[in-house]
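Novice: Protein chains in written order, with this note's numbering: chain Y, 190 to 709; chain F, 111 to 556.
Hints are computed from structural coordinates only; laboratory data are not their basis. No residue lacks a Cβ here, since even glycine has one placed at the ideal position from N, Cα and C. Where hints are given, some of them may not hold.
Stated by the list, open to error - Computed, partial: chain F to chain Y, Cβ under 10 Å:
#1 166
#2 188
#3 243
#4 306
#5 333
#6 336
#7 434
Said to hold, decoys possible - Simulated pairs of lysine-lysine, BS3-like, Cα-Cα distance not exceeding 25 Å:
#8 610/Y to 346/F
#9 515/Y to 308/F
#10 610/Y to 644/Y
#11 336/Y to 514/Y
#12 701/Y to 673/Y
#13 701/Y to 346/F
#14 308/F to 424/Y
#15 386/Y to 444/F
#16 387/F to 386/Y
#17 387/F to 526/F
#18 261/F to 336/Y
#19 308/F to 514/Y
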Amino acid sequence: MHPLITTRRAFVRGTASGIALLGAAGPGLLGGCNRSAASHTMIPGDQAHLSEHLGFFSVDEPTITRVMAELTARGADAADLYFQHSRDNSITMEDGIISRASSSVDQGVGLRVVVGDQTGYAFTEDLSLESMLGAARTAASIAHGSKAVAPIAYEHGKRSNFYALKQPWSEVGVARKLPRIEHLNALARAADPAVDKVSVSWADGEELVVIVDMHGKIHTDMRPMTRIWCSVTAKKNGVTQANSANLAGRHGFEWYTDERLAFVANEAVKRTMILFEARRPPAGELPVVLAAGASGILLHEAIGHGMEADFNRKGTSIYASMLGKKVAPDFVTIVDDATQPGERGALNVDDEGNATEKTVLVDHGVMASYLHDSISARHYGRKSTGSGRRESFRHAPLARMRSTYMENGPHTREEIIASVKKGIIAETFTNGQVQIGAGDFTFYIKNGWLIEDGKITAPIKDINIIGNGPEALRNVTMVGNDTKLDFGGWTCGKDGQSVPVSQGMPTTLVSKMTVGGENA
Amino acid sequence: MPDSITTTPAAELLHSADAAVDIARKAGAQDAWASVSRDRSINYAFRDGKIEKVEESTSRGLGISLYVDGRYSSHSTTDLRPDRLKSFITEAVALTRALQPDPHRKIPDPALFADRPTLDLERLDPTVAAVTREQREAWCAEMDARAHADKRVISAESGLFSGQSLGASASSNGFSGTWEGGYLGFSCTATVREGEDKRPEGSAVAVGRFLAGLPEPGKVADKALRHAVERLGSTKGPTIRATMVVDPEAAVSLIARALGPASAAAIQQGRSYWAGKIGQPLLGDRLTITDDPLIPRGLGSRHFDGEGISAKRIPIVENGVVRNLYVDTYYGRKLGMAPTTGSSSNRVVALGDKNLTELLAEAGSGIYVTSWLGGNSDPTTGDFSLGLRGHLIENGKVGAPIGEMNVTGNLPALYKSLVALGNDPYPYSSLRAPTLVFENVQFSGT
Chain Y
190 MHPLITTRRA
200 FVRGTASGIA
210 LLGAAGPGLL
220 GGCNRSAASH
230 TMIPGDQAHL
240 SEHLGFFSVD
250 EPTITRVMAE
260 LTARGADAAD
270 LYFQHSRDNS
280 ITMEDGIISR
290 ASSSVDQGVG
300 LRVVVGDQTG
310 YAFTEDLSLE
320 SMLGAARTAA
330 SIAHGSKAVA
340 PIAYEHGKRS
350 NFYALKQPWS
360 EVGVARKLPR
370 IEHLNALARA
380 ADPAVDKVSV
390 SWADGEELVV
400 IVDMHGKIHT
410 DMRPMTRIWC
420 SVTAKKNGVT
430 QANSANLAGR
440 HGFEWYTDER
450 LAFVANEAVK
460 RTMILFEARR
470 PPAGELPVVL
480 AAGASGILLH
490 EAIGHGMEAD
500 FNRKGTSIYA
510 SMLGKKVAPD
520 FVTIVDDATQ
530 PGERGALNVD
540 DEGNATEKTV
550 LVDHGVMASY
560 LHDSISARHY
570 GRKSTGSGRR
580 ESFRHAPLAR
590 MRSTYMENGP
600 HTREEIIASV
610 KKGIIAETFT
620 NGQVQIGAGD
630 FTFYIKNGWL
640 IEDGKITAPI
650 KDINIIGNGP
660 EALRNVTMVG
670 NDTKLDFGGW
680 TCGKDGQSVP
690 VSQGMPTTLV
700 SKMTVGGENA
Chain F
111 MPDSITTTPA
121 AELLHSADAA
131 VDIARKAGAQ
141 DAWASVSRDR
151 SINYAFRDGK
161 IEKVEESTSR
171 GLGISLYVDG
181 RYSSHSTTDL
191 RPDRLKSFIT
201 EAVALTRALQ
211 PDPHRKIPDP
221 ALFADRPTLD
231 LERLDPTVAA
241 VTREQREAWC
251 AEMDARAHAD
261 KRVISAESGL
271 FSGQSLGASA
281 SSNGFSGTWE
291 GGYLGFSCTA
301 TVREGEDKRP
311 EGSAVAVGRF
321 LAGLPEPGKV
331 ADKALRHAVE
341 RLGSTKGPTI
351 RATMVVDPEA
361 AVSLIARALG
371 PASAAAIQQG
381 RSYWAGKIGQ
391 PLLGDRLTIT
401 DDPLIPRGLG
411 SRHFDGEGIS
421 AKRIPIVENG
431 VVRNLYVDTY
441 YGRKLGMAPT
451 TGSSSNRVVA
461 LGDKNLTELL
471 AEAGSGIYVT
481 SWLGGNSDPT
491 TGDFSLGLRG
501 HLIENGKVGA
511 PIGEMNVTGN
521 LPALYKSLVA
531 LGNDPYPYSS
541 LRAPTLVFEN
551 VQFSGT
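All chains should be built: construct the whole structure from the sequences, respecting the hints.
Specialist: Have a look at this one:
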């Protein structure tokens, strides 16, 4: 509630251009949706009639027609209304006590007018006709043409279902969540006598979106999101170490089985205890083995952002002239996929109402496709890849990643490790970043291993890796057959907007990257 | 769109906050703290000869913290329709009852609200709200033209962002306060072509509470273009131990990183290398940092913090010795420490007496860091590793551009090797840091 929050948001926008960030979002950063105890206003379910979805926002078809007419009064190539209602809940246990809980409701409509590659945008949290018309006039001021025809009939678009829940989060009371949080806390505390403190954060929620375009197409989606986060501090011989692990996805309450809670508790404690023995690797250029799973952070930074079509349309990406070119060995295929069920990066329909898909970025070593929103799709004369995403109704959509991963290759993890004379394995990560035009990218390794003469010899910690995107792709020399998506949650930031994403990787060898480290 | 910021008096927001506290009390909360705010923002993005995006909005929200039968929760909503708000708060009180009692949780002590400063912090420049659409477009066009002054420029984005906010807080134990604030900033990023594929970029930003005091927008574009051109021919530097000179803008985040775990919350949770260090040397012997909320026109200036604690200057570090921590009510109680403030305002670094040219001449050789790329640090141990770009220091001057390098070490150890500070604080941040010079720093490169 401090007044500087808005200012800070603007600073990010003012300075982050061309730089994209990725982070393992802390409990406070979870994008998504939720709801408080039990409310009187139920979010309409998947099968609900269109009028129910509109009715939830206290609007109807004639109201939308009036707002759309105002929005397109000066002409538009595209225009849309993005109604969103989000409910988020979080609960924190510290020192064995449920020390706090929070809930939030966020609701509003974003109004967008697109003329060529120019965008006018406004939003309002006040859904009265007067406020929406005012916002529509503001957004429309980007255009200077004659009025477009507003829709007279509406069609409710079909969509996929990659995250159906047995029970919506709005029906799960806090009393059912507390025992799960206490159970995870107890598991982590009991896992090692050196464990000094455990904190558990829980987040759940859902958001209803209704997207109306200027041709009368209406898309609706109900997007759940949840995460449990376990942080551990341990003390041994006067030294303190802390680390954490989390599980995240578009899942419901039933997802939190005893088995999953045991897994995340064990993972958090294991990642913490190994730090007592971990050291820094030598500084300089080394072969880097990317462990299966979270190492997909390399793809996200080294290639994913550079393949977002807006950067290429503007000519500011290092990949702007590489489409159709060979950029990696034949056994490298990289995709960005909205269709992985239950993933943070799963999307039934994108935030412009376009159908989503599995997009192949690199097909057997050849640059295949950018990630398109509708502006770049029009620019390039091709179909949108369903990659138009936005943080909330407060933002215009941008081309963004969803679940980014590499398909399986021909090698095994064992032969990859055995092939390295002196190098490191990167296993867990906290964050990454890329400069789109220069192609330099980084990711920060929290836990990893040293390899000497083909064998794992010691744990390592806290080092940054820096490389150049096209060079790193060229230097992929081996790809394993064990691809998997990371179980933890990731949040991607671009142009001041955060969206949930997923990432994955098979065990992969990059022959040379610059490894932060310390030499004697 | 009607400008609700200027048409909504603060008294009206304060009334809404009072009303929310009232609803909470009637629903059974013993204590409650509510804040209501209105924010208006305008963002222009201009690219290569024309407007690319215009965003304008007025936003509102209410947040409330509840203390119910020894239990605590906090809530926020943007749905302020009276009937919805009433049921939202009533439900939130019911939710709080389902939690566990926490003996450390108490509403902030009203004694901390006393002696609120009254000096004019000059947080709002009325001329910012009066800037016309034509003026905004003209400034953007001016930046765009200047950013394209070099024929190697592929594309340039110029931005103009501004906003104003108005807010009020009220509590069940007598706190009542309002605030207003505004800002305006220019930003520019230029991308230049290098060889077949590389497209290095340079950025610059200037932001302030008052329009007077900001540079001409064209100068911001000049700086962005200069930064982009300086990247041409960048190579990977060597793996060495060497002197590191950090530019003031990059120094802001390096100091913020060191201060990150300087809170009662981090210490109580066992995640801070500041634990047990009050009165002890921690960050070498040259660094002095004061949290100063009372600087007129400061980006972080305030009369009271988020808990209503009256603002005062707080020394954090004096010549490397820890003097105070950021202590809020809750974690202060857990640690048995008196609250100072739970959140930083303006963090002011005591300056040295030399400028960058003199400091580079003294260094002779090493690496001059102009910006960071990624990286992180462990708040518990202080271990850090950061990606960087910048220049070699050759013969005491800025030399060839370098990039794709890391610097790795431990924050307390790094600050022990701080040998000099510049007289050139970065003006566009609430953290005012000058050029920093460190000796014997580990770089990774070729």
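Novice: Now look at each hint and say whether the structure bears it out.
Specialist: Quick rundown of the hints versus the structure:
| no. | hint | verdict |
| --- | --- | --- |
| 1 | 166 | 5 Å, holds |
| 2 | 188 | 4 Å, holds |
| 3 | 243 | 8 Å, holds |
| 4 | 306 | 7 Å, holds |
| 5 | 333 | 13 Å, violated |
| 6 | 336 | 16 Å, violated |
| 7 | 434 | 20 Å, violated |
| 8 | 610/Y to 346/F | 23 Å, holds |
| 9 | 515/Y to 308/F | 17 Å, holds |
| 10 | 610/Y to 644/Y | 8 Å, holds |
| 11 | 336/Y to 514/Y | 43 Å, violated |
| 12 | 701/Y to 673/Y | 23 Å, holds |
| 13 | 701/Y to 346/F | 13 Å, holds |
| 14 | 308/F to 424/Y | 47 Å, violated |
| 15 | 386/Y to 444/F | 14 Å, holds |
| 16 | 387/F to 386/Y | 20 Å, holds |
| 17 | 387/F to 526/F | 15 Å, holds |
| 18 | 261/F to 336/Y | 39 Å, violated |
| 19 | 308/F to 514/Y | 16 Å, holds |
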